[in-house]
Amino acid sequence: MTTQTSDGSAAYWFVRGAAGLFSLPGVILMLSFVGFAAFCVETGMPRDQVVFMVGIVWALPAKMILVSSIASGANIAAAFLAVTLSSIRMMPMVAALVPEIRGQRTRTASLLALSHTVAITAWVYAMQRVPEVPRDRRVVFCAGLGITLVVANMVLVGIVYNLVVTFPPILAGCLFFLTPVYFLASIWASARQRVIHVALVVGLIVGPIATILAPELDILIAGLVGGTLAWAIERAMRQRSMRASATPDAGKGGEGAP
Amino acid sequence: MSWNWADNWWGFVFIAIAGWLATDIWRWLGVLAGNRLDESSEALNWVRAVATALVAAVIAKLVVFPTGTLEQSPVWLRIGAIAVGAAAFFISGSRPPVGIATAIATLALGLWWLGF
Numbered sequence: 021m022t023t024q025t026s027d028g029s030a031a032y033w034f035v036r037g038a039a040g041l042f043s044l045p046g047v048i049l050m051l052s053f054v055g056f057a058a059f060c061v062e063t064g065m066p067r068d069q070v071v072f073m074v075g076i077v078w079a080l081p082a083k084m085i086l087v088s089s090i091a092s093g094a095n096i097a098a099a100f101l102a103v104t105l106s107s108i109r110m111m112p113m114v115a116a117l118v119p120e121i122r123g124q125r126t127r128t129a130s131l132l133a134l135s136h137t138v139a140i141t142a143w144v145y146a147m148q149r150v151p152e153v154p155r156d157r158r159v160v161f162c163a164g165l166g167i168t169l170v171v172a173n174m175v176l177v178g179i180v181y182n183l184v185v186t187f188p189p190i191l192a193g194c195l196f197f198l199t200p201v202y203f204l205a206s207i208w209a210s211a212r213q214r215v216i217h218v219a220l221v222v223g224l225i226v227g228p229i230a231t232i233l234a235p236e237l238d239i240l241i242a243g244l245v246g247g248t249l250a251w252a253i254e255r256a257m258r259q260r261s262m263r264a265s266a267t268p269d270a271g272k273g274g275e276g277a278p
Numbered sequence: 006m007s008w009n010w011a012d013n014w015w016g017f018v019f020i021a022i023a024g025w026l027a028t029d030i031w032r033w034l035g036v037l038a039g040n041r042l043d044e045s046s047e048a049l050n051w052v053r054a055v056a057t058a059l060v061a062a063v064i065a066k067l068v069v070f071p072t073g074t075l076e077q078s079p080v081w082l083r084i085g086a087i088a089v090g091a092a093a094f095f096i097s098g099s100r101p102p103v104g105i106a107t108a109i110a111t112l113a114l115g116l117w118w119l120g121f
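Top to bottom, those sequences are chains A and B. Be aware that the first sequence starts at 21, since it is given in our numbering, and climbs by one per residue. Be aware that the second sequence starts at 6, since it is given in our numbering, and climbs by one per residue.
Bound conformation, chain B alone:
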């Protein structure tokens, strides 16, 4: 590990550079771009696609390769809970609370049934 949690001073510097600077430069650029940004440009469309796919990959990683308690749960239960939640989400007319509650309830039921 190139990072030692106990080394507190370096931890804060690491977070400030790789976390704060890495995110806020895009927020600042967003302000400067403001309404001058061409909302229909193909380049912006590509940036949107890459950014969204990146977040989707993080989501998929959390579902398929979780850490902690869920590491011992079967992958079909986790993907199944997402599928059931997605079905409820679309049936409800894309309402996030419905999809989220259904997915979590499905997971909870599955975990309970498997004896967690």
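Extracted from the complex, chain A is given alone in its bound form:
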């Protein structure tokens, strides 16, 4: 296989995408999956179901919510609602990525299939790297990245499932902790709108309060109440800065940098 530089073949760009597995975000994601495997082992979920879930759900926050819902005895409707609400964020993520990677001859069917591999890590990495990729190779690049991340982590989780219980307590604790810390840092760093920063802070505060007040519906309540509060706060901040700048033509919905 000739893998020349610059305008290489489709295979070349697929491999370039796949190489994202060994980038820093890729490695952190794999470590997070080791931590996630430990979390699943603790809940008692069998290995075949965990590996299946890694491949078919893929997004780590959605899986955390799914496993937590199952472990707390939620029925399928409640679990669906909690998971689907956590995944609404996928829609703007994918919608933002599509115009970046779509070529003139890209079929919607390919994008629908490819969208399954979108989660925080793949999205952040793709949005950063795609400008360096020729436009007609971007879908292939993202396929290489996405498919490699999904398959590698399915294999990884399958392998470590039996090992994680033997980890010393400090290592097990740190791996568990890696998931929340990783999400916190990557969501903050990749946010392109201020409302995401505000919502992250408000959600962190409202979340535990909701858990204490309503442990069954805590995540949903924190999302709706905290998110609406964050949206209102950010909107007030925006309107205030618009008044302060005293422009007579105050257009709405400015996403401007703070």
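To be clear, the hints were calculated from the coordinates, so they are not data collected in a lab. Certain hints may be false.
Some residues of chain A that are not near chain B, with every Cβ distance over 12 angstroms (derived) [as the list claims (entries may be wrong)]:
1. 167
2. 171
3. 183
4. 212
Just a few of them, taken from the derived set where beta-carbon distance is under 7 angstroms, the chain B residues facing chain A [claimed, not checked]:
5. 19
6. 29
7. 50
8. 65
C-beta atoms are modelled at their ideal positions from N, C-alpha and C, and glycine is treated no differently.
Could you slot chain B onto chain A? The hints should help.
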């Protein structure tokens, strides 16, 4: 428990419906919305806020109410590790690896000091 881990057949169906369908419908809608989506609409801003707050609540739950080994660790250590990590993150100019490494190192030191 309305779920029995040993009931494998039902487990896969449960994951497929409450996991796969619940996440992929939003990915598909994201593709269809594509560039037709009005990036500056107030409704999308609200959806972003709700979605982010939801994930933040999951993050907070993992930190404040963890399972496993960390269940026996003091809550101040976990929140302290996040705070130290956040400080390093912002000082470094919002670089995730710096924040993540600092938070984990702080937690590891704390656990070791407490005799874990």
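Kindly indicate which numbered hints from before are broken by the structure, ordering the numbers from low to high.
Violated hint (a single one): 4; every other hint is consistent with the structure.
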